[in-house]
Structures are given as structure tokens and as C-alpha cells.
Amino acid sequence: MQEERFPGHKLLPYLLILPSALVIIIFLVIPFAQTIFESFFQATPFGTHKVFVGIANYIQLFEDMDYLHSVIITLIFSAFVIFVGLTISILIAMLANQKIKGIGFYQIALIWTYALSPAVAGTIWAMMFAPATGIMPYIISKLTNGYALNWMTNSSAALFIVSAAATWKMLGYNIVFFIAGLQNIPQELLESASVDGAGPWSSFFRIKFPMLSPTVTFLLFVNMLYAFFQVFGLIDIMTKGGPGNGTQILVYKLYQDGFVNLKTGFASAQSLVIFVAIAILALFQLRIATKRAVYER
Amino acid sequence: MVKRRGHKLITHILLIVIVLITAFPVLFALITSTLSFKDAFVFPPIMIPGGHFISNAVEAWNRVNMGRLFLNSLFISIVVAVVKITLSLMAAFAFTHFKFVGRNLLFPMSMITQMLPLPVRIIPTFELMNLFHWINTYYALTVPFFASTTGILLFRQFFLTIPRDLSDAARVDGVKPMRYFFQVIVPISRTNISALFVIEFIFMWSQYLWPLVVINSANMRVIQIGLKMLLASEQIAPEWNIIMAGTIIAMLFPLLVLIIFRKSFSQGIAMQTDK
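Same order as they appear, the protein sequences are chains B and D. Under this note's numbering, the letters of the first sequence match residues 1 to 297, in that order. Under this note's numbering, the letters of the second sequence match residues 1 to 275, in that order.
Source of the hints: derived by calculation from the structure; they are not laboratory data. Do not take every clue at face value.
[What the hints assert, rightly or not] On the chain B side, residues computed to face chain D include the following (Cβ under 8 Å):
#1 Arg5
#2 Pro13
#3 Leu116
#4 Phe204
[To be verified] To give a feel for the contact side, a few chain D residues facing chain B, derived at Cβ under 8 Å:
#5 Val26
#6 Leu27
#7 His97
#8 Leu209
#9 Ile243
#10 Leu258
Computed from a predicted model, the values in this text were never measured in an experiment. Where a beta carbon is used, it is the ideal one built from N, C-alpha and C, also for glycine.
All chains should be built: construct the whole structure from the sequences, respecting the hints.
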């Protein structure tokens, strides 16, 4: 598959990949190695120098109730964003992938939230849910005869609203990929299934869903990265991790410890734990992707 | 036939309802941005736009020096998108058109970048910025983002579909590889380039954590941090009309980019999923 189209050029290919390779080495690989290194050190109170502490930072992680709480919050939050988000998106994508008039309009009208940043989404949802003055507490209070929703004091409500806002922001992105995935399913396959008497349900579960599985795997990974990291702006704008650490996901705790409390060693240990989690999932995703490739060959 | 038409009508109705529900937060933000401070707190909420958008936008603009933040965001988003696309095109060209010892490095490279998002290396990367004296500079906001294996993989996949005859013909005519790259490869990659531009532009425009960490001077802030400052500048009650006007300004540009390039964007995504 990969052939040599311009033989005899020894230096040129290296020059072409050099800039990318340099950026990856200087800003990704070396800092990551440094993260591992620093996770075994602690800064002295005045930050003048760093002392080797062995695995003390890691022990501290497992003794820190705030950290363990943060792990659980992150799991709940990302499970919500991934499963609720992907389910809604796949349903909407199937509805929007039909031969009807104005489908071009519907598709752009469904994917545009992709262009919003997490911070913009957070600001808008913070306004809608503002205690006492927002539209959502008003509607909820009307519907329930006066229940006053205040997510600035109720941490479960805060986690739910933050999760919903994050899911909403990601809908556009997920729908784009599901629509593209659905359009790549060969039409003949669906037609022959329908000739064979497959109804809409069995054609979904027997054909569409299996054919979409690479898209689903890809989106699982992307949504996980989103829920782990990119929502930082949304959390910072909406709750700053509160109330009472109720929405303090791992990346927020990492920021707090690393850049506000200046415990760089402790924060580096947190980085490394997050890395292990991602690496496992990335390898898992890779395994599925390569398995499939082998199968197709 | 009747059943089918009914089915289509239901699809239309469902789609319209879904579009309205998903758009509601932004529509509501848009309405709020046009109200006066007093009208933004009326119950039940006012659902008809008022006439104060310009004055709210001007107030938001002045309050957090938004003009400067806007230009900063625009500058770093365009620079990162353009450099990333250029580097990706170059690397993908190397990986598909030449035989060299490091050719099998593509795969580990893409795994590494996927597994090392900023937060897992944020503290040493920040220290590196200190070392380079890059804190509060455009370098810190752009250079660490320059490598993109997503881009390399996207272009690689496309380049592999280019018929070999094309490069063979060029070679027979004595065309040098780089001339072939600029005159053939780059022009026929237009669709993928625009798709990647949309993705990278929006990605950079949305950056929040990194600018928060490496920037502390008012002139170097980006627009996302401007939103944080608008919220923090609130007086007794949050002035949602002004905050929303600022939010609308902050979302305008990436939306425009997505709408302008929507055709190539969807095509590019379709190509990416078609593995």
C-alpha cells in the first residue's frame, strides 16, 4: 500500500517530517518525561528547590479524600457525557439522514453547536440556570409549585446541570460524525436487507449499528478526552469545581493543585494517573480498530 | 403513498422540534443580549428581542478590552491552523511518497500525541515556557500546538488514494518532488485543507486552560478568558444582558468559519470516517 513514488531522495523525507517531529519531542515527549520525574519530588514551601520524596505523592493521592471524590465525580460526569450524548446524537443523526426536503438546512442546524467553545456553553447555561433570576429555575418552580432549584448550594444539581451543558455542547460534533458514518453505509446493503424483509429495528441493530462501530469507538475516545479535559473552561465558568467540590473533576483539581496551591509534585502525580487511564483506553481503541482492519482484509 | 407522506411530515416536525430545542439556549442568549438590564430580570422572561444589543455589546467590549482579546484569539487561531495544516501536509507527503528509515514512525507518533494531551504534561510545559521566557507571549499561545497527527493521518489517507500515474508522469517529466508537492498535491487537497482549517480554528479559538496558565497580562488574554472576566466584573446582580452580548461576540467567528466551509467540512469528515 505504501510505495515509494519518488526514489532516490535520501534527505528530503527527513526534512519534511522534521518540524512535526521537533514539536512533538520538545513540547510533548520531553515535558511528559519531566512529569514522571517531577512526580517523585516535592517543592519546598518557598518553592526555592525540589526535594526527592519517592512515591510520597502517590501515597498522598490515595489518602486524599478530595482526590478520591474527584475520581468519582469525573467518572459520573464522563459516563453521563458519553452515554447520554452518544445515544441522543445517534438518534438525531438517523432522523437527519433521510431523503427529505431541506435536509441540508437541518444538518447545518443540528451541527452548529460544534462551533461553540465550552466556556461559551458554560456562560449561557450559567445564565439559564442562575438561581432566582434564570429561566430554568423559574420554569421548574412553576412546574413543581415552588421548588427553588439552586445549584450554587446543591452539589448534585450542579453536577447534573454541568453534565447536561457539556453534553449539549458536544451534540453537534457527535452528530456530524454519525451522519458521515451513516452515509458511508452502502445503500445496496440496506436495500437488500429491506427486500429480505428486515424492518427498521432489525436493520438498525443488524446493519447500521455494526457498520457504525468504528465511528462509535472513535467518538467514545474523543468524548472521553472532552469530558476529561476540554470541559475545563465550562467548569471554571459555571461552578469553579463547587459547590463543596461537587463538580471538581480531575483536570480542575490538577489545575488547583498545580497552579493555585503550587504543589507541582502532587499535581504531576495526578497527571501521570490520568495518563495511565488514557493510555489504557487509547490502546483499547487501537485494538478494536486494528482487529477490524484485519477482519476487513 | 399516504403513509409515506405522513411519515415524512412526522420527520419534519420531529426535526424542527429538535433543532429548536438544541438551539434554545443560544436563541435565549441572543434575546437576553438585546434587553435592557431591567428587562433581563422580568418574570416570566421576555421572549421578544429588545433594542439594546449595540449598547450592551459596546459595554461588554469596553469592560474587558474585548477588541484586543478578539484580535488575539483570531491571530492565534489562524496561525495555529495554518502552521498545523502546513506541517501535516509536509509530513503526510513524506510518509506516502518516500521510502526512508523512519517511515514506520508515523504510528508511534500518532499514538504519542493522542495519549499526551496538555493536562498530562502541563506543569513541565509551563516550566518550559518560563525557561524560554515565553510567558505572556504569542509563542506560548501557539508553538506548543503546532504538531497534529490528526492532520497527518487525514492527509496520508487522502494521498494514498491519488493514482500513482500522476507522480510517475511528473517524475518522467523531470518534475522535482517539492514542485509536484506545491503544484499537484496541495491544490488537490483543497477539501481536506478546508475541513482541517475548520477543525483547528475552532479547536484553538476554544482554548481556555492553557491561556489561563501562560497569560497574566491584560493585553495578551484571549476571548474565552474575557468571558470569565465579564462574569467576574458583575456588580450587585449579574448583568446578563451585557454578559450575553459578550458571549455572542465570542461565538460569532468560529460559527462563521463553520458555515462558510460547511461543504468541505462535511466532505472532509466523511473521508475521515470512511476507513
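Verification of the hints:
| no. | hint | in the structure |
| --- | --- | --- |
| 1 | Arg5 | 4 Å, holds |
| 2 | Pro13 | 4 Å, holds |
| 3 | Leu116 | 6 Å, holds |
| 4 | Phe204 | 16 Å, violated |
| 5 | Val26 | 7 Å, holds |
| 6 | Leu27 | 10 Å, violated |
| 7 | His97 | 4 Å, holds |
| 8 | Leu209 | 5 Å, holds |
| 9 | Ile243 | 7 Å, holds |
| 10 | Leu258 | 4 Å, holds |
Of the numbered hints stated above, those contradicted by the structure are hints 4 and 6, listed in ascending order.
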